[in-house]
Amino acid sequence: MKLKSTIATLAGLVISASAMAATPSSYDTKFNVSANVPTGVYIADPDGNPVTEVDVVLTAQPSGFMEAVTDQLRLRNNDPAGTKVAMILDDSLASTGSPFALWSNAGGSLKSMKYTIQAMTTAASSATFTNSGDSRDFTLSNVQSGFADEPVQFKFVSVDKSLDIAKGYYTGVVYANVNAAP
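In the numbering used here, the protein residues as written are 2 to 183.
Hints listed in this document are in silico derivations from the structure and should not be mistaken for laboratory results.
Heads up, a few of these hints could be off.
Said to hold, decoys possible - In silico DSSO-like links for lysine-lysine, alpha-carbon gap of 30 Å or less:
hint : residue 1 : residue 2
1    : Lys156    : Lys85
2    : Lys156    : Lys168
3    : Lys168    : Lys115
4    : Lys112    : Lys162
5    : Lys112    : Lys156
6    : Lys156    : Lys115
7    : Lys115    : Lys162
8    : Lys168    : Lys112
Please work from the sequences and hints to get the whole structure.
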């Protein structure tokens with residue numbers, strides 16, 4: 002009985018000491034620390050870390066089109082039973098159902114360059130997104146004990162040949178949202 006009361010008293014002192022921790026009166030650097038642990042489906046790097054931004058630069062290719070291919074990424078679900086996922090791509094400046102477009106105001110006038118996005122998986126299959134708000138389903142074939150995933154690369158291709166596109170610096174943003182599919 003005496004041992005139980007001693008342990009309870011010791012635990013109370015430890016908790017009280019942490020509750021009374023105070024901000025030092027002087028310090029050089031303050032770190033604001035937080036963590037966002039993904040609980041569901043997301044795009045990841047090859048090591049499984051969530052990817053929140055990818056820079057893509059389309060350049061003229063021998064095909065005659067402006068193209069870019071991302072490094073290999075992964076569609077990942079932290080639920081190994083969830084092998085079916087859906088991905089929606091939204092253009093930040095286009096309404097749902099409108100083609101993906103980059104914009105330039107070079108030369109004093111607003112110009113657009115329409116493009117498509119292909120999501121290519123290792124299953125030698127691909128899904129093409131042509132309009133903002135398009136959704137495509139994927140099956141994650143690599144099932145592990147704590148997750149399921151599928152390698153994927155994204156290929157961006159202009160609709161028009163590069164010689165037919167008005168010269169200028171074009172920019173835009175596309176948002177990807179990946180969810181478990183029923």
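Q. Straight-line Cα separation of Lys156 and Lys168 no greater than 30 Å?
A. holds (22 Å)
(Q) With the threshold set at 30 Å, check whether the alpha-carbon distance from Lys112 to Lys156 stays at or below it. (A) Holds: Lys112 and Lys156 sit about 22 Å apart, inside 30 Å.
Q | Pair hint Lys115 and Lys162, alpha-carbon separation not exceeding 30 Å | A | holds (11 Å)
Q) Is the hinted pair Lys156 and Lys115 satisfied, with a Cα-Cα distance of at most 30 Å? A) With Cα atoms ~14 Å apart, Lys156 and Lys115 stay inside 30 Å; holds.
Q. Holds or violated: are the alpha carbons of Lys168 and Lys112 at most 30 Å from each other?
A. With a Cα-Cα distance of about 9 Å, the restraint between Lys168 and Lys112 holds, given a limit of 30 Å.
**Q.** Distance restraint between Lys112 and Lys162, which requires alpha-carbon spacing of 30 Å or less
**A.** Holds, at roughly 15 Å.
(Q) Please verify whether Lys156 and Lys85 have alpha carbons no more than 30 Å apart. (A) holds (22 Å)
Q. Going straight from one Cα to the other, do Lys168 and Lys115 come out at no more than 30 Å?
A. holds (14 Å)
In summary, this structure violates none of the numbered hints.
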